[in-house]
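Asks: Line by line, the protein sequences give chains Z and G. Each residue of the first sequence is one higher than the one before, counting from 1 in the numbering used here. Each residue of the second sequence is one higher than the one before, counting from 1 in the numbering used here.
No lab work stands behind these hints, which were simulated from the structure alone. Among the hints, erroneous ones may be present.
[Said to hold, decoys possible] One side of the interface only, derived from the structure: several residues of chain Z facing chain G at Cβ under 10 Å:
#1 Glu16
#2 Arg23
#3 Ile204
#4 Val206
#5 Gly285
#6 Arg296
#7 Ala313
#8 Glu372
[What the hints assert, rightly or not] Derived DMTMM-like pairs (lysine to aspartate or glutamate); straight-line CA-CA distance at most 20 Å:
#9 G:Lys30 <-> G:Asp186
#10 Z:Lys200 <-> Z:Asp159
#11 Z:Lys151 <-> Z:Asp231
#12 G:Lys229 <-> Z:Glu381
#13 Z:Lys108 <-> Z:Asp238
#14 G:Lys145 <-> G:Asp186
#15 Z:Lys57 <-> Z:Asp21
#16 G:Lys229 <-> Z:Asp141
#17 G:Lys335 <-> Z:Glu275
#18 G:Lys335 <-> Z:Asp277
#19 G:Lys226 <-> Z:Glu381
#20 Z:Lys151 <-> Z:Asp198
#21 Z:Lys151 <-> Z:Asp238
#22 G:Lys30 <-> G:Asp165
#23 Z:Lys57 <-> Z:Glu16
#24 G:Lys229 <-> Z:Glu16
#25 G:Lys30 <-> G:Glu302
#26 Z:Lys185 <-> Z:Glu220
#27 Z:Lys108 <-> Z:Asp231
#28 Z:Lys328 <-> G:Glu285
This one's a predicted model, so the numbers in the text were calculated from it and none came from an experiment. Note that the Cβ used here is the ideal one computed from N, Cα and C, for glycine as well.
Take a look at the letters that make up each chain.
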Amino acid sequence: MSGLQFDQIRLPPECETLRADVRAFLAAEIAAGTFDPHRPGHGDSHNHAFSRRVGAKGWIGMTWPKKYGGQERSFLERYVVTEEFRVANAPVRLHFVADRQSGPVLLKYAPEHIKQDILPRICRGELCFVIGMSEPGSGSDLFAAKAKATKVDGGWRLDGSKIWTSNAHIADYMLGLFRTSPPTKENRRHGLTQFLIDMKTPGITVNPIIQMTGQHDFNEVVFDGAVIPEDHALGEIDGAWKQATSELAYERSGPERFLETFYVMLELIRAIGPEPDTRSAEGLGRLVAQLHTLRRMSVSVAGMLHAGKEPVAEGSIVKDLGTIWEQKLPHRVRELAAFLPPETGNRTTLDEQLSFAITVAPKLTIQGGTTEILRGIIARELGLR
Amino acid sequence: MAGDSDHIVAETAARIFADLADPQTVNRSKDSAWKEPLWRALEEAGLPLAWVREEVGGSGGSLPDGFAVLGAAGRYAASIPLAETLLAGWLLDRAGVACPAGAMSIAPTRPQERIRLQPDGRLSGHAVVPFAPEVRHIAVLAEGKVALVARSACRMNEARNLAGDASSLIDFTGVEPLHVAAADIDPERWLLMGAAVRAMQTAGALQTVLSMSVAYANERVAFERKIGKFQAVQQNLARLAGEAAAALAAAGSAADTLTHANTSHDAVFLEAASAKIRCAEAAAEGSAIAHQVFGAIGFTQEHVLHRFTLRMLGWRDDFGNESWWAAELGRRVAKAGADEFWPLVASR
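Isolated chain Z, as found in the complex:
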């Protein structure tokens, strides 16, 4: 390995103009009661009308070509939109997966008529996507997937099940990984193909799985002879493993990988007040330094991706450090708040937020690639495997 690299990225002026627009938009939405930034986890995290208003601003699929409804804006501009929405706890669940992952895959691998049909609707905030990768018998080990796609007259027949599928119950489409051939001796990753699946296709059942937070996010999706059109296979048949890796750096290194529990930090600042004691000040200062460093790493990776580089190790490191940090954050805030007087003004809000964040925390180092998988990737990039 030639060494780690973090280019120094200064966000260009257009990012700051955009940031001001985004903040004004979010402030107006908050004022109108669309969501409460202080109460994450309350109310619906998906909101159709809100997603359409975001789409109308041109902030979904904003880096994509104009002919598919995009704005051809830079990845750094998208970065600014993503971080501002996340910090405000805005309800982005409906459109975020499509914006971050599904759209770029379609852009790269879908036939032209599908791109023209679906991408503009994603950009308008009309479509929700779900990722179908894990199965009851295969989670982190994607290549053990058993759900199969069989070639039939005029299409593909899907059988099997996908699990931990966030949003499946509200999604319009799934991008799913299905077995089209057995793995070969030489390559156990061979034989999987990625498909675009209309969730309204007959033969698909969505069973809810309630999370320990009480929220409904996960589902089990059962495919029982669902037939999808032939041209809904994306990219190379049996060769999905070649397609999966290139987009991952974006998925791993975004601001959503360290800002998930950020609200407790803001509430801590309110709780300790303008003249904190040394313990609170030092504790807060360390968190500030750690957060600032994570953000600079993440911005740097976004800038390097924008410049056409492939910071695989750096992107995985951002997610590893970022998710561990956001997982520990509510616990650290709880410790720092331990000696605050009970009559502290925002004590109730802080306690509510901590309860929620501490309950959510365990999933942060599991979703989208576990800590162990990420460290395996980092080790490989270091030249250890």
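Given the structure of chain Z, go ahead and fit chain G onto it with the hints provided.
Replies: Just chain G now, with coordinates in the frame of chain Z:
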């Protein structure tokens, strides 16, 4: 943004260190004879006075040039007053004081140290001065003035830091400076500059510690396998890479901010303080992991690992340790209030 000149400067520095400060050779040498040719080569390349204009005796390099030299120096963790001479040059340059030849050191290096200029033109106060026995001059920041002092004029209590480098207590009381000039530098700005410098050295050292550890894990066999094939070792090395990455990003970002003239003081404070805090944390975490990878051999005098780990751990104490900066940073953030916090973090 990284320019061409700092790349060339970094390459020059790296070449000189590779030729004349090979850690293995340095570690084996019984005396300090290696230091003289190294320093001469660095001087010939104009690196120690990179932060001094040519008019006042320097080589007229840019701030990015100097930080690039510090990153390269950190990768070799050579026990020479290069960072100190760079900082001394920066101080003297800002005050328009002509730079003397040779290595220099600086004061103050601790937030609690206050050196004063008395009405009779003599100094008072004391400070921990790195490499004091190895320099002829010390650049001193004393209440808005920069003073150039002959080290021989000062009382010196010799002491050493964790890595065994001289880190002497100097008493400036009664010392008459060779030159004094006013400079627009407040003590906080000085500490921020020093903090960014130590952060950059630490980031450099961590890159070497990471590559050494990976190389060793790919070489050392235990239980009939290279230890780098064990998942437990891989996970540890991935964590070490994370710490090295955080240090590199934080230090690089702070240096870039200090270099950029239009940045607000709040942003400079956030960047340099964060870099010092995060690099110190990375030094502690990273050293522990590296020593774990190397096992007993890395704990010996004859192995070079300690040259990097102990130096990084020692640097934590210069120009404000991480606890001090964290308390300062926390107070600033708390005072500004919750609504100002995210705008500050997202300011660039």
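Asks: Against this structure, judge whether each hint is valid.
Replies: Taking the hints in turn, this is what the structure says about them:
1. Against a cut-off of 10 Å between C-beta atoms, the interface hint on Z:Glu16 holds, since the closest Cβ of chain G lies about 9 Å away.
2. The interface hint given for Z:Arg23 is met, as the beta carbon of that residue sits about 9 Å from the closest beta carbon of chain G, less than 10 Å.
3. Because the smallest distance between the Cβ of Z:Ile204 and any Cβ of chain G comes to about 37 Å, over 10 Å, the interface hint for this residue is violated.
4. Checking Z:Val206 against chain G by beta carbon gives a least distance of about 36 Å; that is not within 10 Å, so the hint is violated.
5. At a threshold of 10 Å, the smallest CB-CB gap from Z:Gly285 to chain G is about 3 Å, leaving the interface hint in force.
6. The interface hint given for Z:Arg296 is met, as the beta carbon of that residue sits about 4 Å from the closest beta carbon of chain G, less than 10 Å.
7. Interface hint status for Z:Ala313: upheld, as the beta-carbon distance to the closest one in chain G is roughly 7 Å, under 10 Å.
8. For Z:Glu372, the suggested interface contact is upheld, since its CB lies about 7 Å from the closest CB of chain G, less than 10 Å.
9. Restraint check for G:Lys30 and G:Asp186: the C-alpha separation of about 42 Å exceeds 20 Å, so the hint is violated.
10. Only pairs whose Cα atoms come within 20 Å are accepted, and Z:Lys200 paired with Z:Asp159 is accepted, the gap being roughly 15 Å.
11. The suggested pairing of Z:Lys151 with Z:Asp231 holds, with an alpha-carbon distance near 12 Å, which does not exceed 20 Å.
12. Between G:Lys229 and Z:Glu381 the CA atoms are separated by roughly 13 Å; this keeps the pair inside 20 Å, and the hint holds.
13. At most 20 Å may separate the alpha-carbon atoms for a hinted pair to count; Z:Lys108 and Z:Asp238 meet this at roughly 17 Å.
14. With a CA separation close to 9 Å, the supplied pair G:Lys145 and G:Asp186 stays within the 20 Å bound.
15. Taking the CA atoms of Z:Lys57 and Z:Asp21, the gap is about 10 Å. The hint holds against a cut of 20 Å.
16. For the hint linking G:Lys229 to Z:Asp141, the alpha-carbon distance of about 19 Å falls within 20 Å, and the restraint holds.
17. For the hint linking G:Lys335 to Z:Glu275, the alpha-carbon distance of about 6 Å falls within 20 Å, and the restraint holds.
18. With a C-alpha separation of about 12 Å, the suggested pair G:Lys335 and Z:Asp277 falls inside the 20 Å cut-off, and the hint holds.
19. For the hint linking G:Lys226 to Z:Glu381, the alpha-carbon distance of about 17 Å falls within 20 Å, and the restraint holds.
20. Taking the CA atoms of Z:Lys151 and Z:Asp198, the gap is about 17 Å. The hint holds against a cut of 20 Å.
21. This hinted pair checks out: Z:Lys151 and Z:Asp238 have alpha carbons roughly 12 Å apart, not beyond 20 Å.
22. At most 20 Å may separate the alpha-carbon atoms for a hinted pair to count; G:Lys30 and G:Asp165 meet this at roughly 15 Å.
23. For the suggested pair Z:Lys57 and Z:Glu16, the alpha carbons sit about 16 Å apart, so the restraint of at most 20 Å is met.
24. Among the hinted pairs, G:Lys229 with Z:Glu16 is inconsistent with the structure: their alpha-carbon atoms are about 46 Å apart, more than 20 Å.
25. The suggested pairing of G:Lys30 with G:Glu302 holds, with an alpha-carbon distance near 12 Å, which does not exceed 20 Å.
26. Our distance criterion of 20 Å between C-alpha atoms is broken by Z:Lys185 and Z:Glu220, whose separation comes to about 31 Å.
27. A C-alpha spacing of about 14 Å is found between Z:Lys108 and Z:Asp231, which places the hinted pair at or below 20 Å, so the restraint holds.
28. A hinted pair counts as satisfied when its Cα atoms are at most 20 Å apart, and Z:Lys328 with G:Glu285 qualifies at roughly 16 Å.
Hints 3, 4, 9, 24 and 26 from the list above are not met by this structure, while the remaining hints are.
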